[in-house]
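2 protein chains.
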Amino acid sequence: MKAGKDFLQKILRGDRSAIARAISIIEDERPESIEILRAIYPHTGRAYRVGITGPPGAGKSTIVNKLAHHFRLQHYRVGIIAVDPTSPFTGGALLGDRIRMTDVELDSGVFFRSMASRGSLGGLSKKTGEAADILDAAGNDLVILETVGVGQSELDVAKAADTTIVVLVPESGDSIQAMKAGLMEIADFIVLNKCDRPGADQAVASIEMVLRLKPMVDTWNPEVVRSIANDTRGIDEIASMIQKHRQFLERTQLLEKKRETRILDRTRELVNEKLQGVFWNEERNAALAAKAVALLSLQTTPYDAAEELYSTFRVVEKS
Amino acid sequence: MKAGKDFLQKILRGDRSAIARAISIIEDERPESIEILRAIYPHTGRAYRVGITGPPGAGKSTIVNKLAHHFRLQHYRVGIIAVDPTSPFTGGALLGDRIRMTDVELDSGVFFRSMASRGSLGGLSKKTGEAADILDAAGNDLVILETVGVGQSELDVAKAADTTIVVLVPESGDSIQAMKAGLMEIADFIVLNKCDRPGADQAVASIEMVLRLKPMVDTWNPEVVRSIANDTRGIDEIASMIQKHRQFLERTQLLEKKRETRILDRTRELVNEKLQGVFWNEERNAALAAKAVALLSLQTTPYDAAEELYSTFRVVEKS
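Chains as they are written, first to last, in the working numbering: chain A, 634 to 952; chain B, 634 to 952.
Please note: incorrect hints may appear among the correct ones.
Just so you know, same-sequence chains aren't split out, so a pair can sit in one copy or run between any two.
Derived DSS-like pairs: lysine-lysine, alpha-carbon spacing no greater than 30 Å straight-line [stated by the list, open to error]:
id	residue 1	residue 2
1	K792	K759
2	K877	K638
3	K638	K890
4	K890	K877
5	K907	K877
6	K877	K643
7	K877	K891
8	K891	K792
9	K877	K759
10	K907	K792
11	K891	K759
Don't read these hints as lab results, they were simulated from the structure. Since we're looking at a predicted model, the values are computed, not measured.
Take these sequences, add in the hints, and give me the full structure.
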C-alpha cells in the first residue's frame, strides 16, 4: 500500500502530524487520498459532527474555541476543521485570523486545522466530509466544522454535519435578511452571540418569527440560544442544545438517516466522477474544443454537439 | 416538432407571451425545453449580456429599471431576467418585490421576467443562460441578468454575462467584507449606489484598495462608478462603463472567448447529464440503495461500493 501501513496506523492512533499530513493530501486532491480514505473508512462513524456557520464577525471562532474547551472538560476528544473561503485575488485565506485558537491548540486533546476552499466551490463539501472522516477515524468524539456563511460553504458544512448551528449577532439586521433566510434553512438552532449589544431582544424576536415560518421537521423545533462568547456566557447552553439535538436525532433514527444520505451521496458522486473521468479523455476534450468554431458560428448547437460527442461512447450493459 | 413551428416563430418575432411561455418551460425543466433551445440557438449570439449583482437592498432593481430606460432611449430592445433565490420555507420569492418595474414593463421594448432558483443551486446557472438565449433569439439587443448576491447565484450570473456589475452601498461596510471580496472577484466594475449617504468616500477608498489586490486581467482595470439611482444620477455613467467594457472585450477578442467558454461548458454539461442519466437507471439506483446497510455497518466503503457499481457498466470505445 502506497499510503503506508505505518502512516495509517498513526492516523488511527491520533498522531497529530499524521492527521495533518492526511488532511493536506485530501486538500491537495493528491491521488493517494482515495487509498487513505478507503483504509480509514471502517474506523469512522463514531464522532458526532457539528457544523457552525454565520456571517463574518459573528464570533464563530470564539464560540468554537470555548465549545472545544467545554467538551474537553468532559473528556471528549475534539477535532476542528475551519473552512476558509479563499480569495482568488490573493490566494490567501479570506479572513486571515487563523492564528487564533492557540489556547485550545496547546491542549493535546484538541486538533485544529483550517482548510482553504481554493475557489473550487463544488469540491469543498466533499473535502470537508473527508477531513471529518480522518478526524473521526483518529478517535475524536466530536468534530466541529466551522465556516463563514458566504456563498456555498454553509450548505457544504450543513451537508457534512449532524447538527448545524447558525451564529448571528444583533446587528445582523435586515440588510442581510436574505442571507439570514438562507442560513435559517440549514439551522438546527440559532445562536445569537454578542447578545449584550443593543437590539438583541428585537433580533431574537425577528429570528423567531422567521423560524416559525419553517415547517417543523419531525417535531424538532429550532430555538434561539443567547450567548456572549467573549465572556464564556451561553457556552453551556449551546453545548446542551447540541446534546439535546443529538438525542432527538438518535431517538428518531434521523441520525442514521443523515449518515446514510451522506454516504450514499458520496458513493454516487464517486461514480459520477469516474464516469466523467472515463468519458473526457484527451481525445474527447480535443473533439469538444474542435467544435468551438461550429458552435460560435451557429453551424451546430450545444445539444447536437453533445449528442455527437456522446455517440462516440458505446455502453454495453453487462449481463 | 412538438414545440410547434408557430410557437418558435412567435419567439423569434419577439412575441411576449410566447417568450414568457418558453422561459416557463425552461424554469420547470420540461422535456420540450431542449427542443426549443436547440431550435432557437442559431438565432442567438447577437444580444449583449449584462449581469448585475450585489447584497439585498443595494438598489439593483432601481438601477436595472433606469438602465433599461436609458437604453430604450437609444432604441435598444431590452430583456431582463431577475433571479430570485427562493426560500424553501415559503416556496415564495425571498425578496418579494417583483411587483416593481411597472414603468419599464409598460414599454413594449422591454421584456421583464423573474425566475426563481427553487433551491436547486446548481441548475440556476444553466437556466439563466438558457433564458438569456431565448431573449437573445427573440431579438433583444441587451439582456440584463439581475440577482441578489447571496449564495451561488452571483457566480451563476457572472458565468452567463459578458459584463458583470456589482452594486454596493456605503453601509455595506466591513461586516460584509468577505461577501464583498467574493463579489469583487466577479466584478468588471463596481457601482457604489446611494453614494449621497455618509461613508461614501470611505467606501470608495476601501473598494479601490480591494480592487488593487486583484491582478489586472488583460489591461482591464475595474473601476468604481458612483450613483444615486433613485434620482437617476450615475445611470449614464454606468451605461458608458458597460459600453467601455464591451469595446474592451471586443477589441481583445475576449468577448468571443467568453462566449466560447460558455458554449463549450454547456456542451460538456449536457454530455455529463446524459452520462449520468444513462448510468443511473432504476436498477442502479436500487443497487446503490441496497448498499446502504453494508456502508453504514462499515462492511464496505464508498470507494469500493462505487467501483462495484461502476463495474456493471461496460464501455466499448467506438472505432
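Structure-based check of all given hints:
1. K792 to K759: both (9 Å within a copy, 23 Å between copies)
2. K877 to K638: Neither way: K877 and K638 sit 39 Å apart in one copy and 60 Å across, limit 30 Å.
3. K638 to K890: Close neither inside one copy (32 Å) nor across copies (49 Å); limit 30 Å.
4. K890 to K877: Result: close within a single copy only, 18 Å intra versus 54 Å inter.
5. K907 to K877: neither (40 Å within a copy, 44 Å between copies)
6. K877 to K643: Intra 33 Å, inter 59 Å, cutoff 30 Å: neither.
7. K877 to K891: within (16 Å within a copy, 51 Å between copies)
8. K891 to K792: Result: close within a single copy only, 9 Å intra versus 33 Å inter.
9. K877 to K759: within (27 Å within a copy, 41 Å between copies)
10. K907 to K792: Intra 22 Å, inter 26 Å, cutoff 30 Å: intra and inter.
11. K891 to K759: both (15 Å within a copy, 29 Å between copies)
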